[in-house]
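Using the sequences plus the hints, can you model the full thing?
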Amino acid sequence: MIIRQVTICNFFCYLGENKFAFDEGLNIVSGRNGSGKSQFFNAFYWTFFDKIYTEDNAEKKKKWTDSRNVAIYPHALIPVTDPGGQFTTSVSVSFNADDYNKPAYSAEEPVTYIFKREVTFRNTDRGFSAIIPAELSIEYIKDGETFILSRGEHDMVLDKIFPKSIRKFMWYQGETMDELYNFSKVPTLNAAINEISYFPKYDFMNKVVIAADKSINKKIEKELAQQNRLTREQNAIYNDISFLEKTIDLKEGQKNELAEQLFNLEDEMTRTEQKLEGMDQFVEYKVKLAQLEAELRNVKDKIDDIDINTKERLINTWMLNRCDKLIKASGPNLEMLNAEIQQQQAHKNPVPMNLPGPEYVEQMLNDKVCYICERPVEPESDAYEALKRRLNDFELNAQVKLLQENYTELNRYRKKLLTDLPKINEEIAENQTKQDNLIKRRNALGKQINNLFADLGMEGRADLDTRATAAQQNVQKLKTYRADITAKQKRLSALEQELMSQKASLFEKKRVRDGFTKADQSNLVESQAADYITLFLKSISVLKDRAYDTLIAELEQESNRLYALYLDNKQQGRITIGNGVHVVDVKTDLPLIDLNQGEVVAQKLAVANAFLSLSERKMNRSYPLIADAPSSDLDAVNTYNLTVNIGGSFEQIIIMSKDYIQFSDHDLNKLIVEANVKHFYRIDNQYIDPNGGTSRQNRRSIATIIK
Amino acid sequence: MKKSLNDSLREEFAGVLAQPEYTELAATKKLDDMIVRGAFEKLLSSDRFLEAGTEDVEKSRSEFENYIINTLKTRRH
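Residue numbers (the working numbering), protein chains in the order written: chain A, 1 to 707; chain B, 708 to 784.
All the pointers check out, no bait thrown in.
Calculated pairs, SDA-like style, for lysine to any residue (alpha carbon to alpha carbon, straight line, at most 25 Å): (1) Lys538/A with Phe516/A; (2) Lys490/A with Phe263/A; (3) Lys325/A with Tyr413/A; (4) Lys288/A with Leu452/A; (5) Lys218/A with Ala759/B; (6) Lys766/B with Asp531/A; (7) Lys415/A with Met336/A; (8) Lys275/A with Thr486/A; (9) Lys160/A with Leu751/B; (10) Lys207/A with Glu765/B; (11) Lys749/B with Glu109/A; (12) Lys251/A with Asp763/B; (13) Lys160/A with Asp714/B; (14) Lys737/B with Val525/A; (15) Lys538/A with Asp740/B; (16) Lys255/A with Ala487/A; (17) Lys544/A with Ser715/B; (18) Lys447/A with Thr433/A; (19) Lys658/A with Gly598/A; (20) Lys510/A with Glu252/A; (21) Lys51/A with Asn123/A; (22) Lys214/A with Gly760/B.
Label-pair distances were calculated between CB atoms; the ranges are: (23) Ile141/A with Glu731/B: 46 to 56 Å; (24) Asn101/A with Glu731/B: 38 to 48 Å; (25) Arg491/A with Glu731/B: 36 to 46 Å; (26) Glu731/B with Glu496/A: 28 to 38 Å; (27) Glu731/B with Gln254/A: 35 to 45 Å.
These aren't lab readings, by the way, just hints derived from the structure by calculation.
Treat the numbers as computed from the prediction; the structure is a model and nothing was measured.
The beta-carbon is built from N, C-alpha and C at its ideal position, and this holds for glycine as well.
Here it is as structure tokens:
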């Protein structure tokens with residue numbers, strides 16, 4: 001397929017009619033950021049598939065979006081279109097491709113197609129809106145005669161010319177390369193092998209000859225049965241074969257179903273992982289927010305603790321805060337009290353202190369009898385007076401004891417206060433520092449939370465919970481998928497074991513059957529036909545296996561050739577294709593997992609381009625590669641090498657890139673010659689009115705033909 | 708004229724048949740080269756294979772098998 005001409009009219013930054021001619025080989029559209037290269041890429045995609053690659057506000061990432069949701073008209077037309085006025089946006093692409101009416105992969109001469117998508121916008125009260133949705137028209141020119149295809153045929157023709165499975169290899173944005181070309185995933189590799197290689201044809205032929213083998217042997221059995229030439233044992237062998245074939249068919253069906261389920265699950269996993277790429281930030285925000293809020297609550301609690309608990313603990317002491325001098329001054333008074341107590345305790349009394357208590361002494365005085373010596377105690381006698389003094393002593397002692405206790409307590413408090421009061425000030429200062437630090441932390445946390453919300457934006461803030469939940473659900477889905485895949489892989493492995501054993505048994509039964517049918521029934525035409533089918537059964541099976549091995553070997557060879565070319569033979573590794581695609585060290589064969597971005601890009605491009613290149617060589621089925629920013633991760637040297645070498649892999653390639661503006665005129669001219677560039681356009685975004693300001697309404701893209 | 712997919716497949720099939728294992732099988736069973744090539748063309752004739760279902764396999768099987776049987780019957784008569 002060769003794209004011949006693209007005409008862009010009033011599409012994004014392209015004002016009026018802009019024509020670009022292309023030819024076989026390498027074509028380049030160069031320009032700085034914002035010059036309109038990506039809109040040029042979008043012009044193709046819009047024409048064929050009515051989609052625009054643009055940022056999705058909700059998911060904050062670029063994706064293919066229906067064009068009706070995107071303003072594709074030039075902003076420059078807004079100020080110059082009167083209310084009620086209208087203008088038309090259109091893109092037309094003409095190219096040569098296989099006749100969609102002919103069988104696929106034929107070697108017939110290509111025909112010309114003109115795909116044109118057009119939409120008319122009107123300036124209404126609510127802004128610019130399409131009068132009717134964008135419409136596609138397809139013209140088909142064969143042998144000088146033009147046919148216009150009906151709308152009903154559009155999808156069929158599009159699928160035929162741009163098979164869905166190939167589209168992603170033909171049209172890509174550099175930034176989407178990771179998800180498109182992740183050949184390290186086995187399903188992606190297998191899908192590519194099935195869809196852009198000739199291996200599936202052998203697979204199909206193999207199924208046909210297996211079916212033919214079964215069928216012809218049933219016919220032989222029927223013939224023999226009709227002629228009553230089968231013994232009981234031979235009948236049993238046929239029955240066994242029939243039973244085994246049915247069982248194997250059933251299990252093959254289950255195996256295929258399981259393999260398809262596995263493929264779908266892995267595909268679903270990839271899609272879920274891609275969904276998560278846009279949403280995992282919300283989980284991060286949510287987790288971060290939860291952490292910050294928990295810490296904030298904790299800090300606030302600590303501040304409250306200091307305010308309440310510490311104050312409560314110190315409140316009594318605080319009341320005497322700054323009373324140190326007074327407390328110290330109470331020392332002499334306490335000494336006086338102590339001296340008084342000592343003095344009171346110093347008096348002498350002849351009545352033994354071990355006398356019973358004051359009640360007994362009082363009783364003895366009342367009864368005038370000493371109950372200790374059993375003698376009478378006359379009033380005003382010495383003994384009587386001594387007992388009276390003892391009674392006083394008791395009262396005095398009680399008072400002295402009280403004084404003693406008060407003195408001890410006062411003294412203890414005094415000492416304690418004199419020790420504690422200086423520490424209180426330290427503790428108060430310490431708590432104040434703690435509290436200040438906590439308040440600072442609280443404010444910092446508040447700020448972090450506010451910043452986080454600011455990062456999220458109003459919309460993100462409102463949807464944070466919903467999106468974080470959705471992301472968590474996706475994480476959960478991934479877990480379920482993984483568990484499901486493991487279970488299905490086990491089941492698949494068990495099925496394969498069973499199949500292997502049953503196939504061995506079938507092989508043995510068939511060997512016995514062939515022994516008696518060939519020996520006795522060589523006259524049957526079906527028996528003779530079975531010999532032919534056996535030849536096909538063996539040879540097609542070999543071809544199928546060999547085709548796969550050959551294909552992998554050729555893919556590896558072509559991938560490595562391109563890989564070396566793109567990196568100017570400075571590659572560290574070698575591409576291996578088998579269980580996925582990997583790069584291994586050229587010497588040790590150990591997997592290289594820390595390749596630089598340039599090498600990763602070169603590897604992915606090399607493998608994808610090897611597929612397209614082999615598709616062209618083996619299947620006579622070529623597609624143009626329309627690439628936006630394929631070299632965005634490469635340095636100047638690798639960009640140069642990639643450009644010089646990429647053209648040779650394809651019948652046609654159109655590259656849109658900013659990476660050529662870094663070359664001097666001399667280097668660029670050298671590159672154009674060396675890379676055999678057929679057409680080189682430079683796109684510049686210019687101001688319509690030099691004094692009209694920087695608004696998008698004053699800008700348009702202009703293409704300059706460099707070659 | 709470019710080489711088509713079927714041209715590539717014919718070449719590879721011829722390459723396999725040229726191997727001793729297959730030449731011996733053809734000689735032992737007295738297989739006619741013309742019938743072998745004709746039957747292979749029947750296998751090639753289906754252009755639905757990527758998306759082929761059971762019906763497509765059955766249709767190709769029928770054409771392939773009938774071609775061999777009918778050609779052999781015609782020869783016998």
